[in-house]
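Whenever a hint applies, use it, and build me the whole structure from the sequences.
These are the residues of each chain, in order.
There are 2 protein chains.
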Amino acid sequence: MKRNIAVLQGDGIGKEVTRGAVEILEAVAQRYGHEFDFQYGDIGGGAIDLTGSPLPDETVKICKNSDAVLLGAVGGPKWDDQPAHLRPERGLLKIRKDLNLYANIRPISYYSSLSESSPLKKEFIEDVDFVIVRELTGGLYFGTPSERVERDGEEAVVDTLFYQKSEMKRILELAFALASDRKKKVTSVDKANVLESSRMWRETAEEVSNDYPDVTLEHMLVDNAAMQLIKNPKQFDIIVTENMFGDILSDEASVLTGSLGMLPSASISTQGPNLYEPIHGSAPDIAGKNLANPIGTILSAASMLRLSFGLEDEAHAVEQAVETVLEYGLRTGDIANGQPEITSTSEMISEIKASLLDQEAISNIMGAYA
Amino acid sequence: MKRNIAVLQGDGIGKEVTRGAVEILEAVAQRYGHEFDFQYGDIGGGAIDLTGSPLPDETVKICKNSDAVLLGAVGGPKWDDQPAHLRPERGLLKIRKDLNLYANIRPISYYSSLSESSPLKKEFIEDVDFVIVRELTGGLYFGTPSERVERDGEEAVVDTLFYQKSEMKRILELAFALASDRKKKVTSVDKANVLESSRMWRETAEEVSNDYPDVTLEHMLVDNAAMQLIKNPKQFDIIVTENMFGDILSDEASVLTGSLGMLPSASISTQGPNLYEPIHGSAPDIAGKNLANPIGTILSAASMLRLSFGLEDEAHAVEQAVETVLEYGLRTGDIANGQPEITSTSEMISEIKASLLDQEAISNIMGAYA
Ligand SMILES: [Mg+2]
Ligand SMILES: [Mg+2]
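So the sequences go chain by chain: A and B.
The numbers in the first sequence follow the working numbering, run straight up by one, and end at 1858.
The numbers in the second sequence follow the working numbering, run straight up by one, and end at 1858.
Note that the list lumps identical chains together, so a pair holds whenever it fits in one copy or between two copies.
The calculated EDC-like cross-link candidates involving lysine to aspartate or glutamate, where the alpha carbons are at most 16 Å apart (straight line), are: (1) LYS1719 with ASP1615; (2) LYS1719 with GLU1604; (3) LYS1777 with GLU1835; (4) LYS1653 with GLU1638; (5) LYS1653 with GLU1642; (6) LYS1585 with ASP1545; (7) LYS1672 with GLU1706; (8) LYS1657 with GLU1643; (9) LYS1673 with ASP1725; (10) LYS1673 with ASP1699; (11) LYS1653 with GLU1635; (12) LYS1653 with GLU1643; (13) LYS1653 with GLU1691; (14) LYS1552 with ASP1586; (15) LYS1653 with ASP1640; (16) LYS1657 with GLU1642.
It is worth saying that the hints were derived from the structure and are not from the lab.
What follows is the structure in structure tokens.
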């Protein structure tokens, strides 16, 4: 298979972690006989410094000509005082819009070797394996009017939650399709006892579920979902919800396993390339020090192999390689949890690569650590 | 001190748990020389059966003539198939409206004796002691329009988030006043990077904070707050937020300590009596079996003593009595966590009462359990 991958390294640790993911993708190409071609584009603060824009047209062009986009992270104190349109984060908002990314997918997986890092007791968190599917372009964050008004002679304010039925339908279809390939359960989260938009969401979920007779649909109110994520996260397979609820719940879920630096994400396009990125930020405090955890970005690359290229075996091999090095006890600082021996970014990348290319070789390398 | 207390027992375990709180309030009156007069009113399913309405006018009258209202819980399978206006929960919505309850207060406290019940590891949850202050009458749950519309020839839907400045101001003032009497820190939660209503909320919080120079104000985005509640709940003193964010975060917070049956709440009126109730429901499955945990309602009564009557010592004595029986190892089923010996509702109430009236007496009683 031959594929073009756009790589937007961004700022801070973005460079180090995307470099890691590219190395792993190259190893995948080598082991499985694929050809991945990497085109680099600027985004974020670095792009502002070079071109005056957080997302130059050239970068958009590179992305649109690619089969998938890999992104690191953007931002840093250097650009904190810029006017709004020159903030690095604007580059993120604009790329999401330019690529028509309507869904964000966040898998939350438990690694038994990292159980010390979780705030939750082991019996609550072990074997957790679910995916949050969040609508990304509609709802309260984008509706109009969103403005100050006058009411009864005093200042007041209005924001608007707006959805078209087709926007609900396409994300619910994505959720059911993902569930079909997993544990065949969709938990649709809404506030249907109060919101009209949630009642329409719930109806649409019921309609879409008719096309997936082998997938179980359950409805859950958002306040209850916020409880259940902590009380019993094992119950979930696919959680699907609208934009704002998804924003809150996916960030809540991201701290359950205690390893933010490990978590990948995928944003799905209506047409054109999807975008893959770790959920962590640019961490300017450790940038360039060979301390960043590259695993979130490497697992994002695994998601790319699975979701954009249909390469399930390859995706699984990358995930397996990550699990192997964790079981050997390799830890970057963010997941070390008091362990004195810290693995650097570049070491972590090499060991994952070694594990991917040759399961025997890694055993030998690891002997040195024993 | 002489005070009139309206008691709305409601359905299911509501009767048992309010009976417990009344017994404790009577013990407080006895020990401290107060006079509490209890007037009983119907609400919920029982009220529907008796009068045809989930909140009869007579009940509203009793409440309005009281100094504070104590509520149990409403609802049950018997009334699940009623039309919307004859559902027990309608009684709750209506009493909140009739009493002008604009703020809901939920304290989240850690009991070291219950650390086994929490999903969180002890080091994350111990010494947690914060209060969530939620706006209760405005925002997305009440704004209009809230309806189906047509857009671009297809079905669409709109909900509306609306706030007047005065609604924001009064709840923020309440939060700062509460913080003044506690650890002097207010965390105001919003989504000011996206919502205009949140930007007005943040401005209003800044304005109100000028009147409380000894209280520290910090702003936190709602998605980050959902993470921080799990990662580091000890950082909080008072969390204040608008209605929907408060709905989600207060339910999330309620499972952190692992003892939903322990948690009290208070709803504050613009004028007139406040309402105090446990956060748990009517639990029809265990109703009438002497199995319910009365502590949530007893601690709600303690909040009544503190917030409505200004009786801080008395409130503290009740809380202390609860802590004492927990330390002795008494557990209702919901907090037993595998412990074979289960304390009944009535036993739990007697022991808390005994502890409140005579610290020595309880030691003797407890001898029998040793
Ligand atoms: Mg977020
Ligand atoms: Mg709720």
